[in-house]
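A.B. asks: Chains A and B supply the protein sequences, listed in that same order.
Numbered according to our numbering, the first sequence spans residues 1 to 642.
Numbered according to our numbering, the second sequence spans residues 1 to 642.
A few of these clues could be false.
Pairs count within a copy or across copies, as identical chains cannot be separated in the list.
[To be verified] Derived SDA-like pairs (lysine to any residue); straight-line CA-CA distance at most 20 Å:
hint: 1; residue 1: Lys559; residue 2: Ser94
hint: 2; residue 1: Lys525; residue 2: Leu485
hint: 3; residue 1: Lys413; residue 2: Ala390
hint: 4; residue 1: Lys522; residue 2: Arg540
hint: 5; residue 1: Lys554; residue 2: Ser538
hint: 6; residue 1: Lys344; residue 2: Val454
hint: 7; residue 1: Lys344; residue 2: Asp450
hint: 8; residue 1: Lys6; residue 2: Asp272
hint: 9; residue 1: Lys269; residue 2: Ala311
hint: 10; residue 1: Lys344; residue 2: Gly49
hint: 11; residue 1: Lys269; residue 2: Leu310
hint: 12; residue 1: Lys249; residue 2: Arg352
hint: 13; residue 1: Lys153; residue 2: Arg19
hint: 14; residue 1: Lys6; residue 2: Ser270
No wet-lab data here; the hints were simulated from the structure.
Number of protein chains: 2
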Amino acid sequence: MFEIVKRDGLARIGKFETRSGVLETPALLPVVNPKIFTVTPRELYDEFGFRALITNSYIIKNNENLREKALEVGLHEMLDFEGVIMTDSGTFQSHMYGEVEVTNEEMVQFQKDIGTDIGTVLDIFTEPYWTKEQTAESIEVTLERLQQACDMKGEMMINGVGQGSIYPDLREDCARRMATMDIDVHPIGGVVPLMEQYRYTELVDVIIASKKGLNPNRPVHLFGAGHPMLLALATLLGCDLFDSASYAKFARDDRMMFIDGTYRLADMKSLDCNCPACRGQTLESLKKMTKDQRTKILARHNLYQITQELALIKRYINEGRLWELVEIRCRGHPAMLDALRRLKSHTEFLERTEPLSRDGALFYTGSETRARPPFLRHAERIMERYVPSASKAAVFPDGSKPYSRAYEWEFHKARRAGYVPIVITPFGPVPAELDEIYPLAQSVFPEITDAETVASMDELTFNFLEKMGFEEVIEGCDVPEDGELTYDPDQIRARAIANYQFGIEAADALFRGKIDIVKSRKTGKIRNVISDGEHILSLRAPDGLYTLKPEGAKRILEKVPAPFMRVAVNDDSVPFVSNGRNAFCQFVLEMDENIRPMEEVIVVDKDDNFLATGRALLIKNEVMSLKKGIAVKVRSGNGDDA
Amino acid sequence: MFEIVKRDGLARIGKFETRSGVLETPALLPVVNPKIFTVTPRELYDEFGFRALITNSYIIKNNENLREKALEVGLHEMLDFEGVIMTDSGTFQSHMYGEVEVTNEEMVQFQKDIGTDIGTVLDIFTEPYWTKEQTAESIEVTLERLQQACDMKGEMMINGVGQGSIYPDLREDCARRMATMDIDVHPIGGVVPLMEQYRYTELVDVIIASKKGLNPNRPVHLFGAGHPMLLALATLLGCDLFDSASYAKFARDDRMMFIDGTYRLADMKSLDCNCPACRGQTLESLKKMTKDQRTKILARHNLYQITQELALIKRYINEGRLWELVEIRCRGHPAMLDALRRLKSHTEFLERTEPLSRDGALFYTGSETRARPPFLRHAERIMERYVPSASKAAVFPDGSKPYSRAYEWEFHKARRAGYVPIVITPFGPVPAELDEIYPLAQSVFPEITDAETVASMDELTFNFLEKMGFEEVIEGCDVPEDGELTYDPDQIRARAIANYQFGIEAADALFRGKIDIVKSRKTGKIRNVISDGEHILSLRAPDGLYTLKPEGAKRILEKVPAPFMRVAVNDDSVPFVSNGRNAFCQFVLEMDENIRPMEEVIVVDKDDNFLATGRALLIKNEVMSLKKGIAVKVRSGNGDDA
C-alpha cells in the first residue's frame, strides 16, 4: 500500500507499507552482496538509518551454503536485518554474463521460500542496441513471466520490472499493461547501460514514458541508479526507489563518491570530508591502513554522501523547490545539462502534477528555468482566461525585476489615461491586475539579457496583444499625462484574478450583482470579495490567489456543469467531509481531470450536492488509483456554515 | 611575505608568512567577540584547524577589563590562540553607529601595544549611497591615515583598507595608490551593505576594480564576506581572505547556514546534517536544550559549513576547475546569477591570468560558460594566428559534441578535395588542424540549441571566414567525392599548432628547411618536430600543445626580438637556471607581459642569452611584485643540453 504524503512535480514523499514496516520514499536501497558485507546490514540499519536493502536471490540460490542457510532461517535472520528486504532475480546477471540457467518460476518460488519482502520477476533485460522488434518480443515474454509471478506471489510483494529499452512507446505500453496486473513495485529496468554511457536524455524519455503508463499507486524504482548526482533529477521525474551497489564497488576500487563526481584516492590532493566516516582521517592515514579497513571507511563515506543527498532532496520537496535543486545538480556534467534541457519536451506532461502555488519565491537558475511547468501554464491561462479591462494597452518592457513597486506610479498614470498596464516578464505578458499572484509576483529573476529569452518573452506578448484585440498599444513610457480614473482598480483586479484562477465561466457565476471589496487596513490589499451581500472569496496574502468560500462554491455548482472543479465522494464520506474532515482518496468517486495540486476544489456528493471547499493535493489519476491518503484538504464543510 | 603556490584564474592558493606562522590562503578568519566566545579560540584552532582569527581592538580598548588584560598579557595569551590574530579598528562600528571617539593614531598604537599580528587602519567606511565627491574626499583621509599607520606600524603588519564605494574608478585609483605604500594586507572595505542588499553585480565590479590597482604580492581580504555561498565567486576574483561573524550571530538567532542558504530552526522540517556538530542531534533535541548549548552547536555547524566549502574551493583550484564551481554556486540565488553574468564584462582582464591549459576536461554548465576567458582567447588567437593551409573551406556545422572521431572520414574527404575542414564549435571556428589542442578538444558541451549561442558561434565563424579570404566556402556535407591528397596533413597540423601557440613570427623562426614529423607508433599522433635535423618541439598528448625544446628556443631568440616569450633573470640565478632549477620571482629582471600562466617561455640572462625553457606559472605583474615563489617551472636548462 502506497500513500503520497507530499508532492512536488512528479516527485513524492511517500509511505510504502510492507510486512517489514513502512518505508518512507524517496529511498535508496543499498545493494548487499550476500557473500561479503562491505558494510553489515545491521550497520546499514542502525548507523545509517536505511530501512530497506536489496540483495541478490540468484547469487544466494547458486551458493550451497547461502541457499541452505537462507532456506533454513530466512533472509532476515541470515542478513540480520529487520527492515524491508528486496531481492533481485538474476536478470542483471543475464545482462552481464548472458543467459542464466534458472526459470522464472524457480526464482519466484525461491524468493518466496527465503522470505524476501519484495521479490523480482526474472524479466528480460532490454539492451539499448536491440532493434525495436526484438525489444517488443522480449517484453511479451517479460509480461508473461510477470503474470506467472503475480499468480504465484502469495504474501510476497512483487517487482514488476518495466522494459522497452530506448523506445518510449514500448516503455509506455509495457507500463500500461503492467498497471492492470497485481504488482506492488514498478522498477524501471534496462537503464544501467544508459547511465554508464551518460545517455541521460534518453533516460529522461524512458522514465517519462514509463510514468505515463504506470499506476500512480505503486512506488517506481529506477533500477541501478545510485550516484548521488542523478538522484534529484530522477526523483523529480517520479522515481521513488533507488539502489546502489557502487558505494561498495567504488570503495573496493579506492574511489570516493561526492555530489560533483567520483574521485580516485590516488588523484586526490587532500581529504577534506567531515562525514562521520572520514572525520579524523587524512589521505595519508587512509593510504596507510589495510585494504579492508580502507574499503570499509570509503564505503561508509559513499553511503553518507547518498543519505545526505536524499535528505536534501526531501527538504527541497517539502519546500516545493525540487526543480531548483535539479537545475543546479544537472550542471555537474554537460550530459546532465542535456537531460535537464530535455525536460522542455515533456513540459505538458509535467504541468499536470505541478502545484498551483507554493510557499516562498521561485528562483531562476538559468535560461533552462523557463521550461518549468508554471511558465507554460501562465502562457496558456493568460491567453484563455484574460479579459481586458480597457480597450488600450500600455506595455512596460522590463519585467525581469520585481516591478510592482517600481511601476506603481506608471501603472496609475496608464490607468487614468484609459490603458491596461501590461508588463513583459519572463512568464510572458502580465497585466497589472495580476501582478500579485503566484508565481508571477513571487519569482526572483536575474536581469534577462539573453536574446532567446527576450525574443520569446516578446513573442508571447505580441501574440497576447493580438489575441486581445486592443485598439491601441503603446509603450509604457509613452502614456500621456492626463485623464482621470473612471473605474475602481480593485474591482478590476478582483475579477481578473477570478478569471485567471477559475476560468471565465466560473468567475461569471461568482461575480453577480453588487460587488464589494473588503481591503486590509494594514496593507491596503484585497482581503474579501462580497457579491450581492454574500462572502464568496477571500484572497490569500502569500500567493495572491483566492480561497473559495461555500457561498462561492454553491454559485459555481449552480452555473457550471460537473465535473468542473468537483471532487465527488461516496456516501460514507458525506458526514465527515461536511463537517470539515479531509476527503480521502479511497472514497472519491469522480474528479475533474483539470484540477491541479493545490487548486481550489468543491467537494460534492454523488448527486453533485455541495459538501465542502478545500484544496486538492493530488490529481485525478492519482486519487483514483491510490487507496490511502488525503485527496482534498478540506477547509470549510457544509456543516460549518449551515 | 606572500607566495602564490597554485592559481586558477585570479584565484590563488597562497602562503602568507606572519610572525605567528604561515597562513595558507584562501582562508576565512572567524570573528571572535572578545566579550563572549561562542566557540573558543582554542577550539577554532584545535577542532576546526583555523590558523587565524579576527577580533575587534576597538571593543577591547573601550572595555576596561579587556583593555588592561590585553595590555598586560597580550592578545594571544588573552584569547589563548597561537595562530595569526588580526584586529579591526572601529571602522565598522562607525558605519553601524556613526562616529567613533578615537583617532587613527590611538588605534594603531593600541593594536601594536596588545600584540596584534595584523592591525587595521581606522579608515573611513564609504557608504554606497554617498556621492562620488564625498567618497573621493573620504578616500584622501583614509590614505593619509594609512600613511600614518605605515609609518607607525613597526613589527605589526597593517591592513590597508581599500575604499571607493560603488565607483570602480575610485576603487582602482585608491588601490593603485595603496600599492606603493608599505602595506601588508589589502582588505576591500565598505562592501557589507552591497552584500546585505544582494547587490552582487556591483560587488563584482568593486572587487575587479580593486584587483586592477592592487599589488599582487599581498593577500586581498574581502571584509565582511563570510557566507559560504559567496566564497567561490570571491575567490575566483582574487580574494584570499574572508571573515565571518555570522557563524555566531546566526547561531544566537537560531539560524543554520547551508551552502544553499540560511534556514531558521523554526522553519526546518528535519535536521539531516552529518557534520560533526550536528551528528546525533535531531531538530527536537536541539530545541529541547538550553539556548547556550544550542547556540554553541549551531555556531559549530556554521563553521563546518564554511570549512567544508573552503576545502572544496581549494580542491577546485587544484584541479583548475574553479570556474565550474562558481557557475554552479551562482545559481543559488538569482542575484548571484546576475553577478556571474557580470563577469562577461571583465573577460579581458580575467583572460590575463587564465592558464593556457590544465588537466582534465572543461565542462560547460550553461550559456554563461561562454564568457570564460578561454573562449575570448580562442576568438582572438584564431583571427590573428591562423594561416589557411588551402584556399577553400568546408564548414561543418555541429561542434557541440566531441567531433574528431565522428568527422574523421569527412575531414579526409575535404582535404582530398582541397578544402580546409572547419568545425563551428562553441569556441567559434576550429580548423581541423587544431582539433586536438586545449581547450578545443578537451571540452565537454551539451547540445547547443539556444539561439544566442548559435548566432554567436555563426558570427565568429563568418568573421573568421571573411578575414581568411577563402576563395570558396561550402558546407561540409557538400564536399565533392574526388581528389587526391596533395600534401601531408601532419605537416599542416604541426605548423598550424605552432602558429596558434606561439604566433606566426615565432613559428616562422622555428620551422625552417626540412621538417620531419615523428609520430607515436601507438596512437599515430605527432610526438616530435624536427627541423633541419634539430629537435625543436615535442607535442604533449594531454593538451595537444608543444613543449619548446632548447634548439627551438634559440631559434626564437635569434629571430624574434625581446621581450617576446622571455623571462630574464639576474646573474645570481644564471648557474641555477642553466642547470634546470626553477626561476624564482625575486630574481626576475624582466618578462614579456603577454605570457600567460602555463605558457612556454624562454628563460634568458640580462643580455638575452639562452638559459632554459620552461612554463610560466605567473604573469608579469605578479612575478615583478612577488618576493618569493616559482615564476617559471624550468624544464631543460642550457646545462642539460650542452
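A.B. asks: Hint by hint, which ones does the structure fall short of?
C.D. replies: Checked against the structure, the hints that fail are numbers 1, 10 and 12, while the rest are satisfied.
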